[in-house]
Amino acid sequence: KVKRKQSYKFNFDKNKITKFINSLPFELTKSQYKAIELVCDNFIDGHASTRLIQGDVGCGKTIVSAISAYATYMSGFQTSFLAPTELLVDQHYNYFKSLFSATDIEISYLKNSMPVQVKNDTLKRLKNGSVDIIIGTHSLLNPSVSFKQLGLCIIDEQHKFGINQRSSFINNRDSSDKFPHLIYMSATPIPRSLALVLYQGLDYTTIKDMPKGRKNVTT
Numbered sequence: 267k268v269k270r271k272q273s274y275k276f277n278f279d280k281n282k283i284t285k286f287i288n289s290l291p292f293e294l295t296k297s298q299y300k301a302i303e304l305v306c307d308n309f310i311d312g313h314a315s316t317r318l319i320q321g322d323v324g325c326g327k328t329i330v331s332a333i334s335a336y337a338t339y340m341s342g343f344q345t346s347f348l349a350p351t352e353l354l355v356d357q358h359y360n361y362f363k364s365l366f367s368a369t370d371i372e373i374s375y376l377k378n379s380m381p382v383q384v385k386n387d388t389l390k391r392l393k394n395g396s397v398d399i400i401i402g403t404h405s406l407l408n409p410s411v412s413f414k415q416l417g418l419c420i421i422d423e424q425h426k427f428g429i430n431q432r433s434s435f436i437n438n439r440d441s442s443d444k445f446p447h448l449i450y451m452s453a454t455p456i457p458r459s460l461a462l463v464l465y466q467g468l469d470y471t472t473i474k475d476m477p478k479g480r481k482n483v484t485t
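Using the numbering used here, the first residue of the sequence shown is number 267, and each one after it goes up by one.
In case anyone wonders, no lab produced these hints; they're calculated from the structure. Hints may be right or wrong, so weigh each one.
What the hints assert, rightly or not - Distance ranges between label pairs, derived from CB positions:
#: 1; residue 1: Val384; residue 2: Asp311; range: 35 to 41 Å
#: 2; residue 1: Ser410; residue 2: Thr369; range: 14 to 20 Å
#: 3; residue 1: Ser396; residue 2: Ala368; range: 28 to 34 Å
#: 4; residue 1: Asn394; residue 2: Gly324; range: 33 to 39 Å
#: 5; residue 1: Asp311; residue 2: Asn408; range: 36 to 42 Å
#: 6; residue 1: Asp475; residue 2: Leu407; range: 29 to 35 Å
#: 7; residue 1: Ser410; residue 2: Lys474; range: 36 to 42 Å
#: 8; residue 1: Thr351; residue 2: Glu372; range: 22 to 28 Å
#: 9; residue 1: Tyr361; residue 2: Asp443; range: 32 to 38 Å
#: 10; residue 1: Thr485; residue 2: Lys280; range: 35 to 41 Å
#: 11; residue 1: Gln272; residue 2: Tyr470; range: 38 to 44 Å
Unchecked claim - Listed next, the in silico BS3-like pairs over lysine-lysine satisfying Cα-Cα at most 30 Å (straight line):
#: 12; residue 1: Lys285; residue 2: Lys300
#: 13; residue 1: Lys390; residue 2: Lys377
#: 14; residue 1: Lys300; residue 2: Lys275
Note that the structure is predicted; figures quoted are calculated from it, not measured. No residue lacks a Cβ here, since even glycine has one placed at the ideal position from N, Cα and C.
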């Protein structure tokens, strides 16, 4: 059903993406490069895509989503990034701000603890298109949140959201009949996610190798 829907036609310079990757203070792994390539191919296709990116904690899923958002920005569209907690929203917001500090990308956040005036101003800027990337908690699921042209939706720790929540996140968010691309990210895909991969045509990408110098995760 999703793949029959038309998405916006993305148009971005792959050389600029390569230049951005080369400017990073670390080197991407082969799996990360492959994931970025697959996502970019989906963007150019013009049909809506849904992709589950799975990999252990610390494998670098977030930088893949950030580069996907960069391609979306270069194409003139907005990105919405959903995270399950305010702490994660703060972490992603600060990370994206530092990552794109040398660009003109406008990044904002949305969470329940924001002052009402700041929240209303953010919603207004989202609707008129002056915010390129919005990172938020369940606040992003509110029907009052609308965009000018939403090209990409990213859901971090997707197993923590219900099916109806994920549907409301991507449906009818701007005035067009276009359907945004969707990226799920998870270190632990639950059986329902894997069933979607097997039977519902959800594209599946695994990041298998860890970045150099990454410390072991202690739990």
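Hint-by-hint comparison with the structure:
Between Val384 and Asp311, the C-beta spacing of about 37 Å keeps the proposed range 35 to 41 Å intact. The beta-carbon spacing between Ser410 and Thr369, approximately 29 Å, falls outside the hinted interval of 14 to 20 Å. Taking 28 to 34 Å as the suggested C-beta distance range, the pair Ser396 and Ala368 does not conform, at roughly 19 Å. For Asn394 and Gly324, the Cβ-Cβ distance of about 37 Å falls inside the hinted range of 33 to 39 Å, so the restraint holds.
Checked against the hint of 36 to 42 Å, the pair Asp311 and Asn408 fails, with Cβ atoms roughly 30 Å apart. The beta-carbon spacing between Asp475 and Leu407, approximately 34 Å, falls within the hinted interval of 29 to 35 Å. As the Cβ distance of Ser410 to Lys474 is approximately 40 Å, the hint placing it in 36 to 42 Å holds. For the hinted restraint 22 to 28 Å between Thr351 and Glu372, the CB-CB distance of approximately 23 Å keeps it satisfied.
The hinted range of 32 to 38 Å is satisfied by Tyr361 and Asp443, whose Cβ atoms lie roughly 33 Å apart. In this structure the hint that Thr485 and Lys280 lie 35 to 41 Å apart at CB holds, the actual value being about 38 Å. As the Cβ distance of Gln272 to Tyr470 is approximately 23 Å, the hint placing it in 38 to 44 Å is violated. As the CA atoms of Lys285 and Lys300 are separated by approximately 16 Å, the hinted pair is consistent with the 30 Å bound.
At roughly 15 Å between alpha-carbon atoms, Lys390 and Lys377 fall within 30 Å of each other, so this suggested pair holds. Taking the CA atoms of Lys300 and Lys275, the gap is about 21 Å. The hint holds against a cut of 30 Å.
Checked against the numbered hints above, the structure violates hints 2, 3, 5, 11; every other hint is satisfied.
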